[in-house]
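*Asks:* So the chains spell out like this:
Number of protein chains: 2
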Amino acid sequence: MAQTYRAKIFVTLRPSVLDPAGVAVESGLKELGYETVEGVRIGKYIDLQLQAEGEQEAQEQLDQMCDRLLANPVIENYRFDLIPE
Amino acid sequence: MAQTYRAKIFVTLRPSVLDPAGVAVESGLKELGYETVEGVRIGKYIDLQLQAEGEQEAQEQLDQMCDRLLANPVIENYRFDLIPE
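Chains A and B are the protein sequences, given in the same order.
Residue 3 is where the first sequence starts when you use the numbering used here, and the numbers rise one by one after that.
Residue 3 is where the second sequence starts when you use the numbering used here, and the numbers rise one by one after that.
To be clear, the hints were calculated from the coordinates, so they are not data collected in a lab.
Note that the structure is a prediction, hence the values are computed from the model and not measured.
Be careful, since some hints might not be right.
Which copy is meant is left open, so a pair is good if it fits within one copy or across any two.
[Stated by the list, open to error] Subject to a maximum C-alpha distance of 20 Å in a straight line, what follows is the list of computed SDA-like cross-link-like pairs (lysine to any residue):
#1 K32 x N74
#2 K46 x A26
#3 K32 x R70
#4 K10 x E59
#5 K10 x L71
#6 K32 x Q63
#7 K10 x Q66
#8 K10 x D49
#9 K46 x L20
#10 K32 x A4
#11 K10 x Q63
#12 K32 x E62
#13 K46 x V19
#14 K32 x D65
#15 K32 x A54
#16 K46 x R16
#17 K32 x P22
#18 K32 x D49
#19 K46 x I77
#20 K10 x E37
Work the whole structure out from these sequences, hints included.
*Replies:* Pasting the structure below:
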């Protein structure tokens, strides 16, 4: 029987890829007085529910979703946490 | 002496706020064949380093940064994990 899982997916730019939004936010934080802030990187946090026959199937589906739609594998990495509901 | 901390910040839309990007991604996933996907919500994941005199000061600075720049408190919630480096 299918089980419902909740997935928390983190999509981040690969370390070698420039992050202009992160640079802009870092500059904004420094201007507000937070001068010790460094290395700001901005990624996506995606929350969803799915159904699968088990944890392995859920992980396989999520890997496919990330590779096909949620992340751009050329410039982004992803990881996810899976929580049975 | 100042200690370096790494912060992982999660900014999410409040549950009562519509998320058109999440709706679009959910529809895209269903069209790709992942028909059990529900409740897609898209937020931001921000990674940064900062220096502070202790964990409490780091938390206070991060709360301020989120309230003033990183999140929009009217429509978004935030939480963060703090890791000493």
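*Asks:* How do K46 and A26 come out at 20 Å by Cα distance, when the copy is not named: within, between, both, or neither?
*Replies:* both (17 Å within a copy, 15 Å between copies)
*Asks:* Indicate which option fits the pair K32, N74 if close means a Cα-Cα distance not exceeding 20 Å: within, between, both or neither.
*Replies:* Close across copies (19 Å), not inside one copy (30 Å); limit 20 Å.
*Asks:* Is it within, between, both, or neither for K32 and D49, if the alpha carbons may be no more than 20 Å apart?
*Replies:* The answer is between: 15 Å across copies meets 20 Å, while 30 Å in one copy does not.
*Asks:* Reference check for the pair K32 and E62, CA-CA at most 20 Å: within, between, both, or neither?
*Replies:* Result: close only across copies, 16 Å inter versus 41 Å intra.
*Asks:* I want to check one pair: K32 and A4. Are their C-alpha atoms no more than 20 Å apart within a copy, between two copies, both, or neither?
*Replies:* Answer is between: at 17 Å across copies they meet the 20 Å cutoff, but 49 Å inside does not.
*Asks:* I want to check one pair: K10 and E37. Are their C-alpha atoms no more than 20 Å apart within a copy, between two copies, both, or neither?
*Replies:* between (31 Å within a copy, 18 Å between copies)
*Asks:* How would you label the pair K46, L20 (within, between, both, or neither) given a Cα cut-off of 20 Å?
*Replies:* Both, since 15 Å and 17 Å are each at most 20 Å.
*Asks:* Within, between, both or neither: how does the pair K32, A54 come out at a Cα-Cα threshold of 20 Å?
*Replies:* between (45 Å within a copy, 14 Å between copies)
*Asks:* Within a copy, between copies, both or neither: which one fits K46 and I77 at a CA-CA cutoff of 20 Å?
*Replies:* Answer is both: 13 Å inside a copy and 17 Å across each meet the 20 Å cutoff.
*Asks:* Tell me, please, which holds for K10 and E59 at an alpha-carbon limit of 20 Å: within, between, both or neither?
*Replies:* Within. Shortest intra-copy distance 16 Å satisfies the 20 Å Cα cut-off; inter-copy 28 Å does not.
*Asks:* How would you label the pair K46, R16 (within, between, both, or neither) given a Cα cut-off of 20 Å?
*Replies:* Cα proximity of K46 and R16: in one copy and across copies (13 Å, 16 Å).
*Asks:* 20 Å Cα cut-off: does K32 pair with P22 within a copy, between copies, both or neither?
*Replies:* within (15 Å within a copy, 32 Å between copies)
Hint check: no violations occur; every hint is consistent with the structure.
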